[in-house]
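Number of protein chains: 2
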Amino acid sequence: MQVYEAPLRDMRFVIHELFNNEKYGQDGFGKLEALEEFSPDLVDAILEEAAKVAQEVLLPLNRSGDIEGCTLENGVVRTPKGFKEAYDMFREGGWCALASDPQWGGQGLPEAVNKMTEEMICSANLSFSLYPGLTHGGTTAIEAYASDELKQFYLPRMVSGDWSGTMCLTEPHCGTDLGMLRTKAVPQDDGSYKVSGAKIFISAGEHDLTENIVHLVLARLPDAPAGVKGISLFLVPKYLPKDDGTPGPANGVSVAAIEHKMGLKASATCQLNFDDSIGWLVGRPNKGMEAMFKMMNTERVSVGIQGLGIGEAAYQSAVYYAKERLQGRSLSGVKNPSGPADPIIVHPDVRRMLMTMRAYNEGCRALGAWVSRALDAEKHATDPEVKQCAEDFIALMTPVVKALFTDLGHESANLAVQVYGGHGYIAESGVEQYARDARIAMIYEGTNGIQALDLVGRKMPAHMGRYLRSFFHPVSQFIEATKGDAQFGRMVEALEKAFGALQLSTGTIAQKGMKDPEEAAAAATDYLRLMGLVAMAYCFAKSAMIARDELGSGTEDAAFYKAKLATAQFYFDRILPQATAAFLAIKAGKGSMMALDEAAF
Amino acid sequence: MQVYEAPLRDMRFVIHELFNNEKYGQDGFGKLEALEEFSPDLVDAILEEAAKVAQEVLLPLNRSGDIEGCTLENGVVRTPKGFKEAYDMFREGGWCALASDPQWGGQGLPEAVNKMTEEMICSANLSFSLYPGLTHGGTTAIEAYASDELKQFYLPRMVSGDWSGTMCLTEPHCGTDLGMLRTKAVPQDDGSYKVSGAKIFISAGEHDLTENIVHLVLARLPDAPAGVKGISLFLVPKYLPKDDGTPGPANGVSVAAIEHKMGLKASATCQLNFDDSIGWLVGRPNKGMEAMFKMMNTERVSVGIQGLGIGEAAYQSAVYYAKERLQGRSLSGVKNPSGPADPIIVHPDVRRMLMTMRAYNEGCRALGAWVSRALDAEKHATDPEVKQCAEDFIALMTPVVKALFTDLGHESANLAVQVYGGHGYIAESGVEQYARDARIAMIYEGTNGIQALDLVGRKMPAHMGRYLRSFFHPVSQFIEATKGDAQFGRMVEALEKAFGALQLSTGTIAQKGMKDPEEAAAAATDYLRLMGLVAMAYCFAKSAMIARDELGSGTEDAAFYKAKLATAQFYFDRILPQATAAFLAIKAGKGSMMALDEAAF
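Heads up: the protein sequence lines correspond to chains A and B, in order. For the first sequence, this note's numbering gives the first residue as 238, with consecutive numbering after it. For the second sequence, this note's numbering gives the first residue as 238, with consecutive numbering after it.
No lab work stands behind these hints: they were computed from the structure. Misleading hints may appear alongside valid ones.
Identical copies carry no separate label here, and so any pair may be met within one copy or between two of them.
[To be verified] Straight-line distance between alpha carbons at most 20 Å, and here's what the computed DMTMM-like set of lysine to aspartate or glutamate pairs gives:
{"#": "1", "residue 1": "K799", "residue 2": "D834"}
{"#": "2", "residue 1": "K572", "residue 2": "D753"}
{"#": "3", "residue 1": "K560", "residue 2": "E835"}
{"#": "4", "residue 1": "K572", "residue 2": "E835"}
{"#": "5", "residue 1": "K799", "residue 2": "D786"}
{"#": "6", "residue 1": "K572", "residue 2": "D414"}
{"#": "7", "residue 1": "K560", "residue 2": "D834"}
{"#": "8", "residue 1": "K799", "residue 2": "E835"}
{"#": "9", "residue 1": "K572", "residue 2": "D338"}
{"#": "10", "residue 1": "K572", "residue 2": "D834"}
{"#": "11", "residue 1": "K431", "residue 2": "E622"}
{"#": "12", "residue 1": "K560", "residue 2": "D414"}
{"#": "13", "residue 1": "K524", "residue 2": "E380"}
Next up, chain A with everything else stripped away, as it sits in the complex:
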């Protein structure tokens, strides 16, 4: 059964307690004056309201949306029953505009709060999350690169959620390799462009939730150089605005088909045709990739959060079943003597699965909150050094968050299916939907393999490794400061060992990769995983110490902190050992990976 209650206590912990902690190191980019109006009480109140929307409005539509899916008839895409009403409620409640700038009607909330809200929405209904999610990505690019005129007109309409947005990148013959794209943009006398071409995999490309849709389309100018250096970004509305600002005539954008997918069925994935559609340039000519990456990077962190969201929903649904389902007896003595059997949560192997999911979720949530803090500091820090460090950390961690969280979210969803046993394979249980829905997040916004290449190819070497320092520095400081910790010394040693493996791997890859870029590429996926494991280990070690201190000072919330300790220990016992495997795989180099002739496959 799909059950979900927002993990507010853990969210409060990672927002208020984990970072900028005086005792264990200043890793949260310090206090940000600009955000001081968002007091802990206000933040908590917002999270509680978001939880209600997720639980009460979106969750009930998750399975029905999967069953019904989207439909395309006579060029019109319909979302499943209830989606329009839910979207209206969502929009009217101001949930589309949480993190956006108040000058465009946004609420200017800290990203740390915004990302928690995203997590809840994704837990409740991943398909739904795409509609406001892509709009938000679009506004980021428009805000950063569009002309004032475009901003003034489009941003308020998109930030409010009255109009939605899309990212039109992929074409049938090119996804990862956008250099090959063929969509054309021909300049018109009035400064606009006529955009023509076919795009595929366009999430929310067409639907019935908003009165207009603003497409951000990658296309080539007539004189554009070949490859990625000849790509420009255009804003192309579905309906051209009338003088009064309301949607006017259709703009040559049509839906050729919607895709039949493994999951995410309530999200309309469209094949769009642009036929002399009028658009406006966003950013400079031939610099579309820059603007696209602005939008894409925002989305990549959000896609990571999708993985976490599904992971949390899957975990809770598995826990529900593991407490409910009676099967077998505990090996340490009957636990449910009045029943015909014990609940399966008593069995160690079921615990293994639940604790794994739990550790993944808590680890990702902590790391996600750290990156969210950096997003806030990037925007609001007054100290240029802090700002720079935040930017570096975001650049470094964006691919890690995207790939790690979605890999683990998919694994969690599959563990939930396994906890349910045969019942998990049946659609009625709702958990197989999580496994199907989660699968896409490892692919879109750049496959997880592409994330890993971004990490080793761009982020690792950038500015002589400067990005790495934004992460390595707080971790090594923490290790130095806590190495002798009476209770957690061994935990810190394990962190130190994994961190050492990460540093060694960094050196190896940098050295080998300089001579032979294939060596770096061959190490990429394992390196990203290793970095993610170290980052989560750091978060857990610190969390354990904070929990210990709280328990020592007689907290009223002992149950929470005790559970945090147990989960942290489980992470070190059972998850972190994967770091060794990743390290050994990296060390092996590209040899056997590239040895086979293409013909021999």
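Given chain A, put chain B in place with the hints provided.
Chain B only, in chain A's frame:
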């Protein structure tokens, strides 16, 4: 795209070359006189014919079967279009009866050949494979436990495939814990029983492929003791046979529903009601679990082969796409200068995925062939010591084959989706079907967690660890004999290290588990994986040496042996390191896994 060509060369390698190899150790249970009529040429000819059936008859129905699914209307279950014709062709070709005893009309083929054929069928069409597969499981139990009268009547009809079979174990409230089952069997004056109860998840429980269906049903006699000690097995035909042996009146078996599942949609998974259905006891009263396990163990190895089958199909479909799809340029220089981009198989991270799948498939195929040899030796060996050793090896490896192969098959299917990128998430590509179909194999016939418990709880300690010796002995002999190998010494060292970790873990689990069975259960899943990794490492090290020798002696098939070498090296470089992670996880013990209060989840 779903493409599949049976990997006949590798099959021939593991059947003819890998085991009973004089130079590298007698691990294939020696030559079996009873099977000498099956010359290598005959075996190869059978495999080639099986490949044609799989490729030409079953593969074309795989995707259409997934789209159409099974339907239930007025109590009648229909399989998808083409399935009936394919089944008739399959049956008439004698493919239902490959491994069965000639006295019942079977062909008495070596299991090593039979399992290869199963692999091909599962690669081509997993849903289809269930129909003949369950019949075969049923005949195993009938052959071993039923009365002569039942055998004489039912076996020829089932072995020919004219009638099919099912295993009716699960009930809504009990799957793993069969002790709770409620289906009743009331003795009648004529020696028969009236069986009543509700069963769920019955694969091939009802369909339109055969004129009768023979259900093997677990039920309780009126005076049966509680729990698993009060379960008996009954043979219950869908139609009671008339005096002339043809199907007569309906026997009170009805279909309440068919399940809507994540995948395997062309296999009818039924809820069956038995209402005073006439049946006959198979085996002794209250000893149904014994007979059930006979059937189940046969099925468990076959389910492992399902995982391998899907893994191979997924691999081939991914290779097809990786050679076809042009995207980006090779980091070591343009490989396809006349095209707009290079095929993605040039990219290291794509290679990583393909090689991982390839190594999984080859490793599983080798280990599967080893177990198949044991199945043959169990039946045909004349030396009682060899027979005993074969039985021990089967007992030990059955849970490993079931859980390891299905875990890896699912991982391969997901890697194939990843190689396809966004296109892999679209139903049209066919690869997401592999991921959905593969998912069930980790669950049915005992979840993979249950397999792991079987391994540590029953198989490991049995007869003071005697089963383990059937595996440990050839491995340690091989290590001793090849340790100084000039070319592969390091490979053998890595095997030795992993084998050492396995032995150490065995000791730890045995010792801790004696005092606290939860300790053994907490280690189970990692221990099973560790044993699987060591077994595959052994097979690969030996394969590499055989390949080296063949290459040295100027084989005409150099391409095959070179590829084998590369894959073996990749396994040691990139897969075997997981053994260290498993070892560390086992070492950590149950502490943090069991620490959390149930209420804290």
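Hints, one by one, checked against the model:
Taking the shortest Cα distances, K799 and D834 sit within 20 Å of each other only across copies (9 Å), while inside one copy they are farther apart (54 Å). In this homomeric assembly, K572 and D753 come within 20 Å of each other (Cα to Cα) only across copies, at 16 Å, whereas the closest approach inside a single copy is 59 Å. When the C-alpha separation of K560 and E835 is checked against a cutoff of 20 Å, the pair qualifies only between copies, where the shortest distance is 8 Å, while the shortest distance within a copy is 51 Å. Taking the shortest alpha-carbon separations for K572 and E835, only the inter-copy value of 11 Å comes in at or below 20 Å, while the best intra-copy value is 57 Å.
Only within a single protomer do K799 and D786 lie at most 20 Å apart by alpha-carbon distance; the minimum there is 11 Å, versus 59 Å between protomers. Proximity of K572 to D414 under the C-alpha cut-off of 20 Å is restricted to the inter-copy arrangement: shortest distance 16 Å between copies versus 57 Å within a copy. Taking identical chains as interchangeable, the C-alpha atoms of K560 and D834 lie at most 20 Å apart only when they sit on different chains, with a minimum of 12 Å there against 52 Å within one chain. Taking the shortest Cα distances, K799 and E835 sit within 20 Å of each other only across copies (12 Å), while inside one copy they are farther apart (54 Å).
In this assembly of identical chains, the alpha carbons of K572 and D338 never lie at most 20 Å apart, being 54 Å within a copy and 47 Å across copies at closest. Taking the shortest alpha-carbon separations for K572 and D834, only the inter-copy value of 13 Å comes in at or below 20 Å, while the best intra-copy value is 58 Å. Within a single copy, K431 and E622 get their C-alpha atoms no closer than 44 Å, and across copies no closer than 82 Å, so neither meets the 20 Å cut-off. Taking CA atoms no more than 20 Å apart as the test, K560 paired with D414 passes between copies only; the shortest distance there is 16 Å, against 47 Å inside one copy.
In this homomeric assembly, K524 and E380 come within 20 Å of each other (Cα to Cα) only inside a single copy, at 16 Å, whereas the closest approach across copies is 73 Å.
In terms of the numbered hints stated before, the structure departs from hints 9, 11, listed from lowest to highest.
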